[in-house]
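Chemist: Just need the whole structure built from these sequences, with the hints factored in.
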Amino acid sequence: MGKAILTGILNDVNGVIKNNYSAPNTTSFKPRKFIACVSGEETAQKVINLFGESVTVTAGQNVKGVEEADVVLLCTKPQIAKTVLTEDGMAEALENKLIISILAGVSLNQLKEWVPKSTTIVRAMPNTPCMIQEGMTVISCPANTNVDDRAFAMWAFSTLGRVRVLDEKHLDTVTGLSGSGPAFACVVLESLADGGVMMGLPRDVALELAAQALQGAARMVLKTGKHPAEIKDSVTTPAGCTIAGLLTMEDGKIRSTLARAVQEAANVASTLGKVQANK
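For what it's worth, my numbering labels the leading residue of the sequence shown as 1, then goes sequentially.
Where hints are given, some of them may not hold.
Derived DSS-like pairs: lysine-lysine, alpha-carbon spacing no greater than 30 angstroms straight-line [as the list claims (entries may be wrong)]:
| hint | residue 1 | residue 2 |
| --- | --- | --- |
| 1 | K3 | K223 |
| 2 | K112 | K3 |
| 3 | K46 | K82 |
| 4 | K77 | K64 |
| 5 | K30 | K46 |
| 6 | K77 | K97 |
| 7 | K64 | K46 |
| 8 | K117 | K3 |
| 9 | K274 | K232 |
| 10 | K223 | K253 |
| 11 | K169 | K226 |
| 12 | K82 | K97 |
| 13 | K117 | K253 |
| 14 | K274 | K223 |
| 15 | K112 | K169 |
| 16 | K77 | K274 |
| 17 | K97 | K112 |
| 18 | K46 | K3 |
| 19 | K97 | K46 |
| 20 | K117 | K77 |
| 21 | K169 | K82 |
| 22 | K253 | K232 |
| 23 | K46 | K33 |
| 24 | K274 | K82 |
Restraint-style ranges between C-beta atoms, simulated for each label pair [what the hints assert, rightly or not]:
| hint | residue 1 | residue 2 | range |
| --- | --- | --- | --- |
| 25 | R164 | E190 | 25 to 33 angstroms |
| 26 | T248 | M220 | 19 to 27 angstroms |
| 27 | T43 | K169 | 31 to 39 angstroms |
Since the hints were derived computationally from the structure, they do not count as laboratory data. Quick reminder that beta carbons are idealized off the backbone N, C-alpha and C, glycines included.
Modeler: Printed below as a string of structure tokens:
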């Protein structure tokens, strides 16, 4: 995800790709230098191969990288966040800087315990479609976050897709719905394609038709503002093939199954920070 975020920001800064969501950078500064901190040389080489001279890469030197930065994007696993943020020299390196954390389940209050009081923290929950600039990111900022820091976070993630600001209490649910949602959608997509294959379509054709059907339906909801039920009803004619298929879906309790999947994912997300806190 760190690579995806960096790709979106670099594309926007360099004017390479502009997506439909990108917001103007209204902060007091615009990033000109980028530092990627990774754990090992193998990963470092992969990042160098991907970004070339656009990014300075350091391996096993987190403090050094943070010392040279104004904004720190925290993209570690939740379980190692405390170790990274409390290593020797990190507190001094983080003084008066902005951290944007994308860690699932690790709260603002937990993060505040591991960094200096002068450090500003913003939480963000992006999802994997950010890799193709079609992501959804939800941001949560403490009440005392200044306008520039909030605007910078909004701009940075708008380079990857849509952005919305919500209270932190919603972020576990956001993780279960938006973060895990692409995986759930892919199960639906694969199942639709399987149905096409069963009825004689080549696999590649069935996947293309299923993917475009889901993309088209989703874009209709977003662009028209119509409720999904309204779009569904517009496709469903009396005694037609669509209503026959819909009733089969209802027989399989697809609504409650998908809703429960989001509920369970959100519940697990809420435990990730507790695991971290006990370490």
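Chemist: Now, for every hint given, state plainly whether the structure supports it.
Modeler: Here's how the hints hold up against the structure:
1. With a CA separation close to 29 angstroms, the supplied pair K3 and K223 stays within the 30 angstroms bound.
2. Between K112 and K3, the direct Cα distance comes to roughly 25 angstroms. Compliance with the 30 angstroms bound is thereby established for this hinted pair.
3. Annotation: proposed proximity of K46 to K82 holds, straight-line Cα distance about 26 angstroms (limit 30 angstroms).
4. Between K77 and K64 the alpha-carbon distance is near 20 angstroms, which keeps this suggested pair within the 30 angstroms criterion.
5. At most 30 angstroms may separate the alpha-carbon atoms for a hinted pair to count; K30 and K46 meet this at roughly 26 angstroms.
6. The straight-line distance between the Cα atoms of K77 and K97 is roughly 21 angstroms, inside the 30 angstroms bound, and the hint therefore holds.
7. Proximity of K64 to K46 is assessed by CA-CA distance (about 20 angstroms); at most 30 angstroms being required, the pair is judged to hold.
8. Proximity of K117 to K3 is assessed by CA-CA distance (about 29 angstroms); at most 30 angstroms being required, the pair is judged to hold.
9. Under the criterion of a C-alpha separation no larger than 30 angstroms, the hint pairing K274 with K232 is inconsistent with the structure, at around 41 angstroms.
10. Of the pairs offered as hints, the one joining K223 and K253 holds, with about 28 angstroms between alpha carbons and a cut-off of 30 angstroms not exceeded.
11. A C-alpha spacing of about 27 angstroms is found between K169 and K226, which places the hinted pair at or below 30 angstroms, so the restraint holds.
12. For the suggested pair K82 and K97, the alpha carbons sit about 17 angstroms apart, so the restraint of at most 30 angstroms is met.
13. Between the alpha carbons of K117 and K253 the distance comes to roughly 49 angstroms, so the proposed pair goes past 30 angstroms and is violated.
14. Between the alpha carbons of K274 and K223 the distance comes to roughly 39 angstroms, so the proposed pair goes past 30 angstroms and is violated.
15. Between K112 and K169 the CA atoms are separated by roughly 16 angstroms; this keeps the pair inside 30 angstroms, and the hint holds.
16. The straight-line distance between the Cα atoms of K77 and K274 is roughly 14 angstroms, inside the 30 angstroms bound, and the hint therefore holds.
17. A distance of roughly 13 angstroms separates the Cα atoms of K97 and K112; the hinted pair therefore holds under the 30 angstroms criterion.
18. Our distance criterion of 30 angstroms between C-alpha atoms is met by K46 and K3, whose separation comes to about 10 angstroms.
19. For the hint pairing K97 with K46, the CA-to-CA distance comes to about 28 angstroms; that is within 30 angstroms, so the pair holds.
20. This hinted pair checks out: K117 and K77 have alpha carbons roughly 23 angstroms apart, not beyond 30 angstroms.
21. With a C-alpha separation of about 21 angstroms, the suggested pair K169 and K82 falls inside the 30 angstroms cut-off, and the hint holds.
22. Annotation: proposed proximity of K253 to K232 holds, straight-line Cα distance about 17 angstroms (limit 30 angstroms).
23. Restraint check for K46 and K33: satisfied, since their Cα atoms lie roughly 19 angstroms apart, inside the 30 angstroms limit.
24. Of the pairs offered as hints, the one joining K274 and K82 holds, with about 12 angstroms between alpha carbons and a cut-off of 30 angstroms not exceeded.
25. Roughly 28 angstroms separates the CB atoms of R164 and E190, a value that falls within the hinted 25 to 33 angstroms.
26. Evaluation of the 19 to 27 angstroms hint for T248 and M220 yields a pass: the beta carbon distance comes to about 23 angstroms.
27. Distance hint for T43 and K169: a CB-CB separation of about 34 angstroms, consistent with the stated range 31 to 39 angstroms.
In terms of the numbered hints stated before, the structure departs from hints 9, 13 and 14, listed from lowest to highest.
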